Structures are given as C-alpha cells and as structure tokens.
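**Student:** Assemble the complex: chain D is given as a structure, and chain H must be docked to it using the hints.
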Amino acid sequence: MNNSLLVVVLASGVAYGTPLLYGALGELLAERSGVLNLGVEGMMLVGAVMGFWTVQRLHADTGISLAAAIGVAALAGTAMAAIHAFLVITLRASQIVSGLALTIFAGAAGLSSYLGNDLNLADNPARHSFNAVFPASMQRWPVVGPILFGQNVLVYASWACVLAVSLYLSRTRLGLNVRAVGEAPASADAMGINVTAYRYAHTLAGGAFAGIAGATFTLAITPQWVSGITGGAGWIAIALVIFAFWRPALCLVGAYFFGALQALSPQLQARQIHLGPTELWTNSLPYVMTVVVLVFVSASGARRRLGAPASLGLPYVREER
Amino acid sequence: MRIERRLRQPRWLFVAVPAGSLVFAFFASGLVLLATGHDAVSSYRQIVDAAFLNSGALGQTLTQATPLAFTGLAAAAAFRMRLFNIGAEGQLFMGAIAADAAGLFLGGHGWPTAVVIFAMVVAGCAGGAAWALIPGLLRAFFKTNEIITSLMLNYVAAYVLTYLIFNTQSYWRETKGFNASVFPTSKTLPDVAFWPSATLHARGGIALPLGAGIAVLVALLLWFLYTRTRFGFEAQVLGDSPRAARYAGMRTRRKILAVMAISGAVAGIGGASQVGDFSHTLDADPNGLQKQYYGYTGIVVAALARYNPLACVVVAFLIGALQNAGNTLQGADFPSGLVGVMQGIILFSALGGELLVRYRVRVGRTLPAAEAEAA
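Chains D and H supply the protein sequences, listed in that same order.
Each residue of the first sequence is one higher than the last, beginning at 1 in the numbering used here.
Each residue of the second sequence is one higher than the last, beginning at 1001 in the numbering used here.
Chain D extracted, bound-state conformation (with noise of 0.2 Å):
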C-alpha cells in the first residue's frame, strides 16, 4: 500500500515542496512589506552552494554541520537579498529589472555556478544530509508513515515557520506594522513606523529563507551540487505566493500541491506508465500547472481583495507622496 502510487506521490510531494515552501515563506514576508523580489531563484541557488560548500569543508558532526550548513545558505541568501534591497529602496530602482538582474547575477550561469566550480563542488555526494527523524517502524504505518513520519527535521521546521510567520503577520504589532508599511507606506510612515526598516528587514528575512529553500536541495532532496539544481523552484515559489493569495497557510497547500507534480514525472517513468508524449508532458507538468494555477487565480479577479499587498513594487519616497 505504501509502495502505491499515489502514496509515494504525496509523499516525496512533501520532500520536493519543502524549498517551495521556504522561498513562497519569504517571498511573501517581502511582499506584504511591499517589495517584490523576482531574485528568489538567484538568492536559493546561491544557499544552495553555500550550505553545501560548509557541509563538504567542515570537519564537524553531522548535527553541527548540517546546522552551520544551514545558517550559511540563510546567510548567504540574505547577502543576496541585500543587494536587491539597496537598489530597491535605498536607490529607487525598479524592483522588477532589479529582481531579474539579482537572478542573472546569483542564478545558473553566475554567482552560484562560479562559486561551485571554483571551490570544486561538482561531482561528490555530500559529506552529511538530512534524513528521517522517525524511527522506521513508524514509517512504515500504512500512508500516513511515508507522508508524515518519512520525512526530515527541514520539514517539520518548515512547518513550525508556516505557523510563526502566519501567527507573526496576524498577531503581533510588528506584523501588523508590516502589513501597514505594504498597504500604505504614507499612513505608516505618518503613523511613526520607519518604512525604509521594514523594508529592509523583511527584504533581508526573504533572502535567508530563499537560502534555506536553496540548502533543502542540496543537503535534502538530492545531497549533492549540480549548477542550477533548483530548476525554476524559485519562480514556482513567486507563483505560489499570487495563488495563495498572500497568506502563510496556504503556501503550505500550494507547496506540496506543486511539490507532487514533480514528483510525479520520475515515478511514472520510473514505473514505465506511458501515456503519450511522456517524458515532455510529466517533465513540463510542474511549469504548465503553474501558468494554469495562475490563471485562474488572475481571472478569479479582485485581487486587491484577496491579499495583494497595494504598494506592492512601488518605491517610497517621502517627498513625492
């Protein structure tokens, strides 16, 4: 039963959503302080490497290494983050341009890549991973042992950050400071909340999970550096958080909803299921679902209603109000 195909689906649906989860966390922590980051696919892949690079180059335990390696990818995507956060808010720059140039910097042909292959990262299976927490006499209880007890400690975390970030957003004064600084800069500002700190911060805080959504790659699903191992997650994430119309919980239904249609592609080739065109429509299944998914989120329409921060990608100057 475990073995069935929908299990396994669900299942490593859970492990491939997990980075989806992380990056559509900070992507919308960004986002409702009003500033949209297109760089996430940049900021994970540059996570990637480096959580990797300290697994690989630090004599330690596994659980020692495996943390370090985590707080260097948040590191590392929160560098990232800053610069897009400069030209955003300090420079005025367009956060579009800005966000693509953060991913042509950091992404598959650049920063990410020139730091694997100049610290020699390619070809070697890494030195530690995440693996199950739960004994394996629990992961072998029939569907709800793969899905929920099968799983590594990023995932359970993964969890508890849905659950704070939601709980931050709805429930504290600072989350409500955030939202306000999203909405309407002007009043927050008039109201003594300092828009240019928000932003930052949570411009900053968006980076560090896009790093460790990079670090779930390569220390997680796959324990090894390939250039532009992320495949796009990054952009799937940017999607996830329009179809969650903004709010924690959801991301968490999106992300494992996107994280089954990868998983779908090699286990139906792996079972040698063919039905037509097999390799291009599971292989593109992922990327066609999400322009569908974002349809008819856009047609749906009313998007201001449904969560869309109103300054979202608007700079603000206190001057030109």
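Any given hint could be a false lead.
Cross-link-like lysine to any residue pairs, in silico, SDA-like; alpha carbons within 20 Å at most [said to hold, decoys possible]: (1) H:Lys1143 <-> D:Gly313; (2) H:Lys1143 <-> H:Leu1257; (3) H:Lys1291 <-> D:Ala136; (4) H:Lys1143 <-> D:Ala122; (5) H:Lys1143 <-> D:Leu314; (6) H:Lys1143 <-> D:Val295; (7) H:Lys1143 <-> D:Ser298; (8) H:Lys1143 <-> H:Ala1244; (9) H:Lys1143 <-> D:Gly231; (10) H:Lys1291 <-> H:Ser1279; (11) H:Lys1291 <-> D:Gly231; (12) H:Lys1143 <-> D:Phe245; (13) H:Lys1143 <-> D:Leu75; (14) H:Lys1176 <-> H:Pro1190; (15) H:Lys1291 <-> H:Thr1185; (16) H:Lys1143 <-> D:Ser300; (17) H:Lys1291 <-> D:Asp118; (18) H:Lys1143 <-> D:Met289; (19) H:Lys1143 <-> D:Asp123; (20) H:Lys1143 <-> D:Val293; (21) H:Lys1291 <-> D:Ala122; (22) H:Lys1291 <-> D:Gly232; (23) H:Lys1291 <-> D:Asp123; (24) H:Lys1143 <-> D:Phe296; (25) H:Lys1143 <-> D:Val288; (26) H:Lys1291 <-> D:Asn117; (27) H:Lys1255 <-> H:Arg1230; (28) H:Lys1143 <-> H:Asp1240; (29) H:Lys1143 <-> D:Leu312; (30) H:Lys1291 <-> D:Gly228; (31) H:Lys1143 <-> D:Val297.
Treat the hints as calculated values from the structure; they're not laboratory data.
Small disclaimer: the values here were computed from a predicted structure and weren't measured.
**Tutor:** Relative to chain D, chain H alone:
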C-alpha cells in the same frame, strides 16, 4: 545631502550613465575576482585578448553578439511598454524549431536559397510570436502576470526541444546513418538552407553573418516603430500610465498582443539565425544552446541600452564579446559563471546609475533659482 527629482534630464546623461556603469562594474567584478583568489588584471587581459585580439576572436564575438542582439531587441521591444516578457529564451527555441522545419522541408524540395532563407526567417518569426502570444493572451484577457508565465514557458520550450530530438522519431531527428544509431542527433540542413555571410577580413577569419545584418535591420525598424509612429507612442503611453492611455481611448488588449507578438517574433528570428547561420542543425543538446542563456542575457543587453533598439546592437556586441571570452577561457583560472557574475554586476550598476538620470544628488541646502521658480 539631498536627493531631488530632476526637472529636465540632460541628454548626455543617457550615454554617460551606462558608460559609467560599465566602468564601475569592471572594478566591482575585479573585487569579486580578487576575493576568490584570482589575479584580476591578468583575467581582464585574457578577456580582452579572447574577445577581440586573438586570431578569429572578433568572428567569434560576432557569433555570440548576433543572438544577443535579437534577444536584447526582443526584451527592449516589450520592456518599453513595461510588458516584462522574459520568455525570449523559449521563444528563441521555438523560432529555431520552426525555422529548422522550414529549412529542412523547402531545402529538401530543391527551392532556391533566397526563398528558403526567407521562409526560415518567416517561420522563425511565427514560432517565436506564437510562443510569446501565450503569455500575451493570458495577460490581455485574464490579467495574468506575464513575468512568471513567460518564464515558465522557457522550461517547457526547452523540454519540447529536447523531446523532439531525444525522445521521439520526429521530423527533425536524424534517423539514418551510423551516428544516429549511437546518439540522437538532428538532421543537418541541406546546403541551400545555409545562410551566407559577408567576409570582412579573410585572414583574420572575420565574417559578418547574415543574422547580424538582419539584427541591424530589425533594430532600425523597431527604432522607427517606437519613435516615429503612433503605434510606438501609444505603447509608450500605455507603459508610462495605463490609466491615462485607457482614458485616451487606446486599445490596451490589442497593444499587449501586438507588442508580445513583435517581441516573440524578434526572438524567433534569433532562433532561425542560430539554425541558419551557425549550427545548421537543431541543437537540442542540454549543454549546447540551452546552456548559453541567450534569452536571459538579452535582458542585460536591453537594460544597459536603456531599451533603445539602436543602442541594443552596440551593447549586444560588447556583451557578446564578454560571452565569447567566457566560452573561450572557461577552465581552472576562469571558472564558468564568472561571465554571469559580471553581467549581473553590470546590470546592477546600470540600475543604480538610473538614480542619477532621474534624480540629482545635491550637497548643501540652498535651492537654486531655476528650481525655486519652478516650485
């Protein structure tokens, strides 16, 4: 220190700021090189040699610059209307697929070269435009964010390209001969479908590919379209202020579709030129055309050219030189990826420099007379 909006933007800034960004970017990239333990000065000397001075280098630079001119123009055509088509990568693949089919079919049936080449260009346009119209239609009718949809379709186009050669016995795939039974390859175009090139310097191996000529022609056409016609004016207004455009009675949907189609068509000719000028096959190797990232680099070209079509050609030549140097030098003391880093830094500098075009940074508190009057 104060930052204030410029009332008038002096023309010389439009040249000075991109040029300054390039200089700044070279220093910043040098810091990256030093930080990772490379000798920046010798790396730069190698880049200049590999891009311009070595024998055959200029020809290689032209080879790299040609597709970048097309993808740069494609990005510029769309970005001017704030329509962020970042799908030039996929549109280029689709243009290549369509042009290759046209070349194989008409060339195989013995049509004269001129007709075959013309058909390939048209097919490339059609392939690219059709692929770009998917995000275009979704944007026009459902207000779907074109950034994400056009990008997602890049991955799909790459899978289509791979599928045609690797996973099926398609029209494009070579099925006869020994090589084809060992490794999947695409058919080679018949000789009549090879695009000619003008030899500029026979001993130096410098030839101007037909595609480069077409790129210049396209740049002139786009420049005329955007600066001298009503179409271009309306596109500009729609980009600057969609609401004003709607009140003035401009047709938003139609313009979105037209601009996306033009953008995709230009990228598609880039694909046709890849097939006709350079590879003469459909390059589906995952480490070939797909690793050049021409579509994404086109965004760098367009942004640095400040979306001016004529400037795109010049910038494409410079970025093409960088790309060529990157391909040639790739190795231990020139890790691949460095070129992308440099392109990213160039783009960041250009974006930061934009502040100086739109605003002036003033030290001190006195308000000059001219602006005091205007206020």
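**Student:** Kindly indicate which numbered hints from before are broken by the structure, ordering the numbers from low to high.
**Tutor:** Those not satisfied are hints 3, 4, 9, 13, 19.
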